[in-house]
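Student: Order-wise, the sequence lines are chains A and B. Numbering-wise, this note's numbering comes out as the position in the first sequence, counting from 1, plus 161. Numbering-wise, this note's numbering comes out as the position in the second sequence, counting from 1, plus 193.
Honestly, the hints are just simulated from the structure, not real lab data. Glycine is no exception: its CB is placed at the ideal position from the N, C-alpha and C atoms. Treat the hints loosely; a few may be bogus.
[To be verified] Heads up, simulated DSS-like pairs for lysine-lysine below, C-alpha to C-alpha not over 27 Å straight-line: (1) B/641 / A/314; (2) B/642 / A/314; (3) A/189 / B/493; (4) A/315 / B/633; (5) A/731 / B/560; (6) B/545 / B/343; (7) B/559 / B/489; (8) A/620 / B/489; (9) B/343 / A/189; (10) B/641 / A/164; (11) B/559 / A/189; (12) A/255 / B/487; (13) B/560 / A/315; (14) A/314 / B/343; (15) A/678 / B/489; (16) B/489 / A/189; (17) A/314 / B/639; (18) B/375 / A/314; (19) B/343 / A/315.
[Claimed, not checked] What the simulated footprint calls covered on chain B by chain A, stretch by stretch (three residues with Cβ under 8 Å from a Cβ of chain A suffice, anywhere in the stretch; the number is not a length): (20) 199-211; (21) 308-314; (22) 606-615.
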Amino acid sequence: MGKFLLAFLVFFPFAAALAGYLTGRRSKAGRDALVQASCLLELLAALGLAGSLGASFSWEGFCGLGLHFAADGFRLTMAVLTAFIWLLTTISSKEYFAAAHNRNRYYLFLLMTLGSTMGIFLSSDLYTTFVFFEVMSFTSWVMVAQEETPDAKKASGTYLGVAVLGGLVTLMGLFLLYSRTGTLEMSALTGLAAQTADKGPLYAAGVLILVGFGVKAGMYPLHIWLPDSYVAAPAPATALLSAVLSKAGVFGILAVSCNIFLHDAPWGDLILVLAVLTMVTGAVLAVFSANLKRTLACSSMSQIGFILVGVAMQCLLGEENALAVGGSMLHLLNHSLIKTALFMAAGVVFLNLGTFDLNRLRGFGRKKPLLMFVFLMGILGVTGVPLWNGYVSKTLIHESIVEYIAAAGLSAGQAAYYRWVEWLFLISGGLTVAYMTKIFVALFVEKNPTEQQRYDGMKRYVSRPTAVVLAVSAAILPVLGMTPGLTMDSIAGLCRGFMNGEAPAHAVEYFSLTNLKGAAISIAIGAAVYLLLVRPLLMKKQPDGSWAYLDRWPRWLNLEYGLYRPVLLKILPFLGALAARFACSLVDWAVAGLRALLFWKAPEKVEPPTDDYFGVYPERPHPHTISNSLAYSLLLFGIGLSITLLYLLFC
Amino acid sequence: MTENAALLLPILFPVLAGLVVFGLHRPKSREIYVSAVLVLGALSAFWLCFQPDSHFTIWQLTDNISLALRIDGFGRFFVCLTSVIWVLVGVYAFEYIRHEGRDERFFAFYVMTFGVLMGVGFAGNLITLYLFYEFMTLITVPLVIHTGTKEAVAAGMKYLGYSVFGAGLALLGFFFLSPSLKTMDFVPGGVLDPAKTAGREPLLLVVFLLIMVGFGCKAGMMPLQAWLPTAHPVAPAPASGVLSGIITKAGVLAIVRVTYYIYGADFIRGTWVQYTMLTLTLCTVFAGSMLAYKEKLLKKRLAWSSVSQVSYVLFGLMLLTPAGFLGALLQIVFHAVAKNILFLCAGAIIYKTHKTYTYELAGMGKKMPVVMWCFALASLSLIGIPPTAGFVSKWYLAMGALTPELGAWGVVGAAVLLVSALLTAGYLLPVVAEGFFPGKDFDFAKLKKSEPGPGMTVPLILLAAAAVLLGMFPGPLSAFIQSLCGSLL
Numbered sequence: 162m163g164k165f166l167l168a169f170l171v172f173f174p175f176a177a178a179l180a181g182y183l184t185g186r187r188s189k190a191g192r193d194a195l196v197q198a199s200c201l202l203e204l205l206a207a208l209g210l211a212g213s214l215g216a217s218f219s220w221e222g223f224c225g226l227g228l229h230f231a232a233d234g235f236r237l238t239m240a241v242l243t244a245f246i247w248l249l250t251t252i253s254s255k256e257y258f259a260a261a262h263n264r265n266r267y268y269l270f271l272l273m274t275l276g277s278t279m280g281i282f283l284s285s286d287l288y289t290t291f292v293f294f295e296v297m298s299f300t301s302w303v304m305v306a307q308e309e310t311p312d313a314k315k316a317s318g319t320y321l322g323v324a325v326l327g328g329l330v331t332l333m334g335l336f337l338l339y340s341r342t343g344t345l346e347m348s349a350l351t352g353l354a355a356q357t358a359d360k361g362p363l364y365a366a367g368v369l370i371l372v373g374f375g376v377k378a379g380m381y382p383l384h385i386w387l388p389d390s391y392v393a394a395p396a397p398a399t400a401l402l403s404a405v406l407s408k409a410g411v412f413g414i415l416a417v418s419c420n421i422f423l424h425d426a427p428w429g430d431l432i433l434v435l436a437v438l439t440m441v442t443g444a445v446l447a448v449f450s451a452n453l454k455r456t457l458a459c460s461s462m463s464q465i466g467f468i469l470v471g472v473a474m475q476c477l478l479g480e481e482n483a484l485a486v487g488g489s490m491l492h493l494l495n496h497s498l499i500k501t502a503l504f505m506a507a508g509v510v511f512l513n514l515g516t517f518d519l520n521r522l523r524g525f526g527r528k529k530p531l532l533m534f535v536f537l538m539g540i541l542g543v544t545g546v547p548l549w550n551g552y553v554s555k556t557l558i559h560e561s562i563v564e565y566i567a568a569a570g571l572s573a574g575q576a577a578y579y580r581w582v583e584w585l586f587l588i589s590g591g592l593t594v595a596y597m598t599k600i601f602v603a604l605f606v607e608k609n610p611t612e613q614q615r616y617d618g619m620k621r622y623v624s625r626p627t628a629v630v631l632a633v634s635a636a637i638l639p640v641l642g643m644t645p646g647l648t649m650d651s652i653a654g655l656c657r658g659f660m661n662g663e664a665p666a667h668a669v670e671y672f673s674l675t676n677l678k679g680a681a682i683s684i685a686i687g688a689a690v691y692l693l694l695v696r697p698l699l700m701k702k703q704p705d706g707s708w709a710y711l712d713r714w715p716r717w718l719n720l721e722y723g724l725y726r727p728v729l730l731k732i733l734p735f736l737g738a739l740a741a742r743f744a745c746s747l748v749d750w751a752v753a754g755l756r757a758l759l760f761w762k763a764p765e766k767v768e769p770p771t772d773d774y775f776g777v778y779p780e781r782p783h784p785h786t787i788s789n790s791l792a793y794s795l796l797l798f799g800i801g802l803s804i805t806l807l808y809l810l811f812c
Numbered sequence: 194m195t196e197n198a199a200l201l202l203p204i205l206f207p208v209l210a211g212l213v214v215f216g217l218h219r220p221k222s223r224e225i226y227v228s229a230v231l232v233l234g235a236l237s238a239f240w241l242c243f244q245p246d247s248h249f250t251i252w253q254l255t256d257n258i259s260l261a262l263r264i265d266g267f268g269r270f271f272v273c274l275t276s277v278i279w280v281l282v283g284v285y286a287f288e289y290i291r292h293e294g295r296d297e298r299f300f301a302f303y304v305m306t307f308g309v310l311m312g313v314g315f316a317g318n319l320i321t322l323y324l325f326y327e328f329m330t331l332i333t334v335p336l337v338i339h340t341g342t343k344e345a346v347a348a349g350m351k352y353l354g355y356s357v358f359g360a361g362l363a364l365l366g367f368f369f370l371s372p373s374l375k376t377m378d379f380v381p382g383g384v385l386d387p388a389k390t391a392g393r394e395p396l397l398l399v400v401f402l403l404i405m406v407g408f409g410c411k412a413g414m415m416p417l418q419a420w421l422p423t424a425h426p427v428a429p430a431p432a433s434g435v436l437s438g439i440i441t442k443a444g445v446l447a448i449v450r451v452t453y454y455i456y457g458a459d460f461i462r463g464t465w466v467q468y469t470m471l472t473l474t475l476c477t478v479f480a481g482s483m484l485a486y487k488e489k490l491l492k493k494r495l496a497w498s499s500v501s502q503v504s505y506v507l508f509g510l511m512l513l514t515p516a517g518f519l520g521a522l523l524q525i526v527f528h529a530v531a532k533n534i535l536f537l538c539a540g541a542i543i544y545k546t547h548k549t550y551t552y553e554l555a556g557m558g559k560k561m562p563v564v565m566w567c568f569a570l571a572s573l574s575l576i577g578i579p580p581t582a583g584f585v586s587k588w589y590l591a592m593g594a595l596t597p598e599l600g601a602w603g604v605v606g607a608a609v610l611l612v613s614a615l616l617t618a619g620y621l622l623p624v625v626a627e628g629f630f631p632g633k634d635f636d637f638a639k640l641k642k643s644e645p646g647p648g649m650t651v652p653l654i655l656l657a658a659a660a661v662l663l664g665m666f667p668g669p670l671s672a673f674i675q676s677l678c679g680s681l682l
């Protein structure tokens with residue numbers, strides 16, 4: 162049964178995608194129903210997997226090395242999460258795309274992405290992970306490009322380019338790893354770094370593998386595709402990108418960090434640096450953005466940074482990493498749920514107003530309790546306010562940093578360094594509060610200077626199915642947050658095995674004073690940033706007396722357009738093409754030289770003599786190409802024969 | 194080994210039957226006749242491939258020089274691949290060539306080339322191989338210059354010149370080589386006579402390089418690659434397809450024969466020649482992709498891509514490791530399939546819309562969805578995106594490269610393969626993206642479906658299915674190649 166379920170979870174969506182596409186050519190309604198039913202079936206199958214933990218399924222010989230899947234607690238959680246979020250977004254897609262072109266294409270690739278994402282989350286060797294990772298990159302590319310606006314085309318181009326680049330770099334890492342170990346089975350790689358004496362090549366392989374997965378996770382400095390693609394994609398697709406697809410990248414990073422580099426401190430330090438950069442950059446970009454969806458996109462990046470901090474702490478803490486294991490797992494889960502709600506709610510706003518610009522959508526949320534409920538739950542969750550789910554996971558990660566600082570064996574300098582990390586963690590939490598407050602105030606508190614009456618009149622702003630989906634996705638967040646011991650600890654316990662983590666020595670007191678202090682500091686920083694930075698600096702009084710949001714992020718400060726695009730698309734191709742053109746032309750030049758030599762003769766024009774006794778000679782016809790080439794071939798042949806002759810005479 | 198005169202059948206039958214095509218002026222009867230000849234020729238070749246290893250001497254010139262045919266593992270591999278592709282592309286060509294005109298001539302030479310290629314595949318010794326190799330060059334020139342434009346004729350002459358020169362280099366090599374051989378026949382593991390080679394190793398290595406560069410000309414290997422991007426694009430699309438997909442592989446076949454059946458891998462392994470060849474092939478892999486990336490004319494871009502992709506094969510062969518050999522032979526098949534799809538798609542686009550530049554193809558995916566889907570799948574295979582076929586061959590090529598004996602060479606080699614894959618993505622995916630995502634302002638009202646007929650789309654669909662399915666299930670093919678590999682390495 163387990164075998165069948167694993168195969169079903171991965172391959173059924175591909176079959177359903179095809180069936181949906183063919184149905185869609187006849188009947189739109191039939192297709193919508195089929196797609197939703199498939200997602201529901203997928204969710205049921207994922208839940209059914211709970212009954213057969215420990216099962217594995219392999220398809221030997223597929224793509225050479227074969228596909229291998231396994232069911233354990235973590236993979237089960239990810240499969241259920243994926244299928245659940247897919248179902249929610251698919252239901253809301255129907256309304257979102259009601260008037261769009263190319264819907265059949267969208268659903269085809271939507272379901273194929275579901276299958277490939279399942280393939281990633283259920284994979285038990287890195288080869289399988291990679292195969293489905295590449296499939297996912299391509300199928301989700303179509304979802305990003307769906308709208309086909311100039312922005313969407315550009316963003317999807319970047320998305321695909323970075324994905325292909327990252328995929329190939331990862332492939333190089335897998336080459337190196339496989340050529341050394343002869344296996345890519347995750348369980349067989351556990352503790353590899355600890356057993357290897359010469360770690361250099363292993364780190365090289367690890368870093369290369371990290372690139373591809375880091376790209377999908379939006380890790381700094383590979384995040385450049387993320388804000389534009391999230392903004393350009395249709396809202397249900399963005400919800401999936403942020404909630405599920407980015408987690409596929411995190412899954413890959415976890416698979417490497419918790420197996421090959423299990424408890425490996427240098428690796429942990431590397432991840433930590435990248436994680437902190439991701440966390441801070443994302444938060445700062447989100448604060449500066451004046452676009453609802455871009456803020457949420459940058460927020461996703463920042464939150465992935467939080468998760469990665471947890472991953473790094475797992476490696477650093479070694480055997481005592483229970484807090485970090487639980488924290489990174491739960492933040493992964495929480496972020497997925499929160500961002501599903503927020504992006505779908507943002508989609509509702511867009512569907513009504515056609516814009517994400519904070520200045521234009523101001524005041525839209527007033528007198529719309531459902532929308533406010535969804536946003537509020539999401540915001541309270543992601544900012545880590547006690548009693549909401551984000552608080553639990555952030556607390557765990559925070560405590561793991563504190564634990565590491567207190568651990569024995571750190572020099573004073575190191576301790577100071579990790580204390581900085583702790584502060585950056587808290588400050589990023591504060592920035593989260595600031596940018597989320599900015600969104601909330603714009604949507605629900607401020608009044609629109611021109612359109613408020615029209616906005617207030619929009620009572621039927623959401624269809625019933627979407628409303629239900631939104632309410633469900635938002636209501637989960639406080640439920641989880643208020644029952645951390647019951648729900649969240651058991652989920653964390655379920656997932657521990659995948660990360661080779663230890664069980665915590667004692668249950669965590671989430672609502673103890675020390676733990677509440679961290680949240681309080683973050684919220685205080687957030688309030689300060691909002692009042693002292695966002696309002697005075699990022700807003701400007703307009704002539705009509707209202708305040709407008711400004712995007713003050715300097716245009717030139719953009720990695721993609723300032724560095725990557727010029728280097729990768731201009732400078733390197735120029736140099737490469739110059740070298741290639743030169744090398745490829747060498748023989749042509751030699752041939753041209755030889756031809757010139759072979760047909761070298763006096764100027765062809767014969768001056769007609771003035772003396773009439775002599776005939777007028779016509780210009781000699783230009784030698785025909787065919788005789789040219791034959792002459793040239795014969796010449797070459799002759800040279801060959803003479804060399805032979807010389808050899809026979811003198812050797 | 195048994196003498197089997199039936200070996201002449203797949204060679205003589207198409208060549209003789211091809212002559213008749215000149216006289217068939219009615220399209221219908223010509224199409225039926227050509228398909229019948231191609232299918233019968235292919236069936237006879239398949240039938241022979243399932244016979245046990247056998248041998249046939251056509252003509253004994255002197256004691257040690259003879260024209261001889263034989264069936265062996267590698268010959269089977271080449272002959273089967275050629276037969277399948279030749280029939281499919283032939284079917285495609287019926288409709289396509291109509292717009293080029295002079296159909297009789299095209300199909301006559303097309304059918305005769307098939308026979309000659311069977312000869313190349315079944316050649317049993319160096320002399321026979323050389324003979325059919327030169328025949329192949331001569332008989333494909335009319336395919337290249339079919340359109341008869343000045344540009345095409347010039348390109349055809351360039352093709353002829355380079356090919357004759359390359360084969361001449363190889364022949365020169367044979368002269369130096371023959372005194373050191375036990376026999377001219379192809380024997381797995383090589384036929385160098387240790388008694389006669391003693392002290393002559395440096396000379397034999399230089400000769401090896403000479404032969405490699407000579408035969409490498411046909412495979413588009415640097416330094417003699419220049420004819421390929423000139424000649425392939427000017428030919429009619431079906432001819433470009435088989436030139437890139439199959440004829441270049443004849444050069445590869447000759448290189449396999451010389452390396453693994455005459456010299457033997459052990460003689461080459463670890464010498465400077467191996468590293469020189471690795472360098473040459475890697476430079477070609479990079480340069481081909483780089484210039485394809487810069488090229489704007491679609492068919493020329495595909496031709497540069499062939500330069501790069503065929504050198505993947507040569508790189509794999511020169512690694513002299515089992516995994517490298519496996520990757521190389523898989524790449525022969527996968528590239529043949531993918532490149533034929535791409536050229537046939539380019540042909541379908543030219544045939545229907547007369548568009549030849551890559552920037553003119555916006556919205557093509559809406560106009561001819563089947564063609565562009567095939568194009569997209571072939572592109573993925575050529576880049577090496579799993580689960581398509583190209584990924585599998587690239588995996589084995591890299592595994593063959595990353596062996597401890599090759600050290601840094603292997604790492605650099607694998608890295609170059611991936612850089613080239615990135616460039617491949619860079620020159621193929623924008624075409625796909627523009628084709629399928631023409632933009633929000635695309636006028637669907639003006640959209641005119643211009644899918645070509647089933648004669649053109651069915652071969653494309655079959656090839657595209659092969660590009661995907663061979664990648665998902667490479668097992669049987671790999672097993673066959675590994676059985677070959679056992680006696681060679």
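Student: Each of the hints needs a verdict: does it hold here or not?
Tutor: Now for the hints, and whether the structure bears them out:
The hinted pair formed by residue 641 of chain B and residue 314 of chain A meets the criterion: a straight-line CA distance of about 23 Å does not exceed 27 Å. Taking the CA atoms of residue 642 of chain B and residue 314 of chain A, the gap is near 23 Å; set against the 27 Å cutoff, the hint holds. At roughly 42 Å between alpha-carbon atoms, residue 189 of chain A and residue 493 of chain B are farther apart than 27 Å, so this suggested pair is violated. Under the criterion of a C-alpha separation no larger than 27 Å, the hint pairing residue 315 of chain A with residue 633 of chain B is consistent with the structure, at around 13 Å.
As the CA atoms of residue 731 of chain A and residue 560 of chain B are separated by approximately 32 Å, the hinted pair breaks the 27 Å bound. A threshold of 27 Å between alpha carbons decides the hint, and for residue 545 of chain B with residue 343 of chain B the separation of about 24 Å falls inside it, so the pair holds. The suggested pairing of residue 559 of chain B with residue 489 of chain B holds, with an alpha-carbon distance near 22 Å, which does not exceed 27 Å. Distance check on the hinted pair: residue 620 of chain A and residue 489 of chain B sit about 54 Å apart at the alpha-carbon level, beyond 27 Å; violated.
This hinted pair does not check out: residue 343 of chain B and residue 189 of chain A have alpha carbons roughly 54 Å apart, beyond 27 Å. For the hint linking residue 641 of chain B to residue 164 of chain A, the alpha-carbon distance of about 47 Å lies beyond 27 Å, and the restraint is violated. Between residue 559 of chain B and residue 189 of chain A, the direct Cα distance comes to roughly 19 Å. Compliance with the 27 Å bound is thereby established for this hinted pair. Proposed proximity of residue 255 of chain A and residue 487 of chain B is contradicted: the alpha carbons are some 42 Å apart, above 27 Å.
For the given pair, residue 560 of chain B sits about 22 Å from residue 315 of chain A by alpha-carbon distance, which is consistent with the 27 Å threshold. The hinted pair formed by residue 314 of chain A and residue 343 of chain B fails the criterion: a straight-line CA distance of about 40 Å is larger than 27 Å. For a cut-off of 27 Å, the pair hint linking residue 678 of chain A to residue 489 of chain B is broken: about 62 Å separates their Cα positions. Restraint check for residue 489 of chain B and residue 189 of chain A: not satisfied, since their Cα atoms lie roughly 40 Å apart, outside the 27 Å limit.
Between residue 314 of chain A and residue 639 of chain B, the direct Cα distance comes to roughly 22 Å. Compliance with the 27 Å bound is thereby established for this hinted pair. For the proposed pair residue 375 of chain B and residue 314 of chain A, the alpha carbon gap of about 64 Å is over 27 Å, so the pair is violated. At most 27 Å may separate the alpha-carbon atoms for a hinted pair to count; residue 343 of chain B and residue 315 of chain A exceed this at roughly 41 Å. Counting residues of the stretch 199-211 of chain B whose CB falls under 8 Å from any CB of chain A gives 0; the rule of at least 3 is not met.
With 0 residues having a Cβ less than 8 Å from any Cβ of chain A, the stretch 308-314 of chain B misses the three-residue criterion, and the hint is violated. Only residues whose beta carbon comes within less than 8 Å of a beta carbon in chain A count, and the stretch 606-615 of chain B has 5; three or more means the coverage holds.
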